[in-house]
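These protein sequence lines are chains A and B, in that order.
Heads up, the first sequence is in numbering that gives the first Met the number 0, so the first residue is 0 and it goes up one at a time.
Heads up, the second sequence is in numbering that gives the first Met the number 0, so the first residue is 0 and it goes up one at a time.
These are calculated hints, taken from the structure and not from any lab test.
Keep in mind that a hint or two might mislead.
Said to hold, decoys possible - Residues on chain A that point at chain B, a partial pick, calculated with CB under 7 Å:
1) Tyr18
2) His20
3) Glu21
4) Tyr62
5) Gly72
6) Glu75
7) His86
8) Asp99
9) Leu105
10) Gly107
11) Tyr111
Cβ atoms here follow ideal geometry from the backbone N, Cα and C, with glycine treated the same way.
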Amino acid sequence: MILSPDELEAIRRQAIEEYPHESCGVIVTRGAERRLVRCKNAQNELHAKDSVRHPRDARTAYYIDPADLLRIGRLEAEGFAVAVIYHSHVDAGAYFSETDKRQALLGGEPGYPAATYVVTSVLGGRPEAVAAFRWSSERRDFVPVDLETAGGATEASPRDSKRLWDRAAAVMPGGVNSPVRAFRGVGGEPFFVARGAGARLWDVDGREYIDFLGSWGPLILGHAPAPVVAAIAEAAARGTSYGAPTPLEVEMAEALTAAYPSMELVRLVSSGTEAAMSAIRVARGATGRALLVKFDGCYHGHADSLLVKAGSGGATFSIPDSAGVPAPLAGLTLTAPFNDLEAVQELFRARGSEIAAVIVEPVAGNMGVVPPQPGFLEGLRATTRERGAVLIFDEVITGFRVAYGGAQERYGVSPDLTCLGKIIGGGLPVGAYGGSRALMGQVAPLGPVYQAGTLSGNPLAVAAGLATLRRLDRSSYATLEARSAELERGLRLGASRAGVPLTVNRVGSMLTAFFCDTPVTDYASAKRSDTKRYARYFHAMRERGVCLAPSQFEAAFVSLAHTEQDIATAARAAAESLASL
Amino acid sequence: MAVTVYIPTPFRRATNNKDRLQSAATTVGGLLDELEGAYTGLRGLVRGEGGQLHHHVNVYVNNEAIEALQGLATPLKDGDEVAIIPALAGGGW
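Chain A with its partners taken away, still in its complex shape (with noise of 0.2 Å):
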């Protein structure tokens, strides 16, 4: 027996009392007698007393006052032995995280190497799910016990992710706020992340993930990186949205146009959707023009015009178009395939006098990793530039990832407008788009093409963007090359091993491994992907502990926190996984 269900009860109800302070305390046994011994947590008191000697090592944490200590220490003289040391966790899952590890470990050893750990997660003042721990001498590890299977007396406590899966399927659609996050893809149902450090996500039921998903791109120096939380933390204290003009956006526009020269004048906003829409309008307002022309398989945010034959969840899903875009609109949307330059020639040889702009994932990252095939990008300048059309490249994805200065330093090829969004928000919401004096003096109060927003060019965002932008020089994208090149290789070697055919492309530290054994240059041919199969690769990998996109046409991101040893570790998992599919 773990815990007697009086003794659960107890737990949970000083949790709750407690909240939202870390509650804490032991079960003490000799031969049949238990006693619970509830503790004060002196974290903060100590703390404030003397920072020195007693550091804070977590937000909230626990720190088992003195004088129980030495209570626990005289029952200890009087025969009893600790059989379980519980704490809580305040709006987190019920695992065993790394600053739990660390305590309870000295000299790298367990100091209650009997004793069992008991987390209780306490959510907005909620009791959730209880769990228990203990040190594994084997795995040199604390390992998740079952309540109920090591004869603990609760009913059935299922974990917490399934718990909230439940709750935000009652009041969200799909219970997820971007639908590729809903495991359609791939099946199953999602884990509900408690925190990311460096390379690795912890899921609410304390698993620990080697994180390939990146945010979807943005996170180019892990999770939660030091500089970064430290001047969102910063700007914080100064207030969070003022809608008036800050030092820092200046610093940010600055940081972007010295590194797109193609970029004069830089409009920031708050996500990549709204660049890539606010860049059409600026196209359409400047050439009086009202045709886009897209490719297939390139998603460029939501806006209604760009959802025709979108990637990403769309991709997933099979629906080129969204039900809510007018039949009208979408008729204003011309496609073509990827890298197809004499299609797009097409297009305009029928309809060049009314095409605004082209638009175009320079490096596609939404149907997975494809790279432009030699003179496909300087075809799209070349025709553009003919026409009197605005060649627009969303590099959402490729900003700042596949070189500092983005596709168009990498290809060398100039865009009228830019698109920008993730990275330079530093994972918080930011998009931006920009281009020459002549097009960005189209937009409002210098023009007459209107965008506007309360919360563009937000503090908390600007600062974390500048962050992550001061951290990146030349040699963070040769790291980048040579981590991501080796997971290449790491990839190849165990498809090739397991006799999987698979399509690795990579582009820098983006990279998609596609499910078929044909070359893959544009959505048609990534369509060729056997997705079922993905969906047990996924599920393979993510048992081992790494986490990729839920979804066959979405890239891997390497950051700079994946240390040699993760992508050693990530190549493993690969192999093991395909060989078992």
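Got chain A; can you put chain B on it based on the hints?
Chain B alone, transformed into the frame defined by chain A:
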């Protein structure tokens, strides 16, 4: 003269599983020197390189924390009871 030292579970791996030790030391610092000499496994567990107690370790003399006494210089006398207790701490982060 002799003092009794209580060794809690986490440190017993260094004391051949003994939970009580005797010492003739006259200060807490001297006591720790003596224990670390006799049980080398205790080195590093209780004190850092510089000889100061780890921040997560508390020493009590007759149930009083030495922080409130004279720290490592706290004198010991015959019959005193000393306990060396590591913190229990952690948290959701």
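The hints, checked one at a time:
{"no.": "1", "hint": "Tyr18", "result": "violated (12 Å)"}
{"no.": "2", "hint": "His20", "result": "violated (10 Å)"}
{"no.": "3", "hint": "Glu21", "result": "holds (6 Å)"}
{"no.": "4", "hint": "Tyr62", "result": "holds (4 Å)"}
{"no.": "5", "hint": "Gly72", "result": "holds (5 Å)"}
{"no.": "6", "hint": "Glu75", "result": "holds (6 Å)"}
{"no.": "7", "hint": "His86", "result": "holds (6 Å)"}
{"no.": "8", "hint": "Asp99", "result": "holds (4 Å)"}
{"no.": "9", "hint": "Leu105", "result": "holds (5 Å)"}
{"no.": "10", "hint": "Gly107", "result": "violated (10 Å)"}
{"no.": "11", "hint": "Tyr111", "result": "holds (6 Å)"}
Checked against the numbered hints above, the structure breaks hints 1, 2 and 10 and satisfies the rest.
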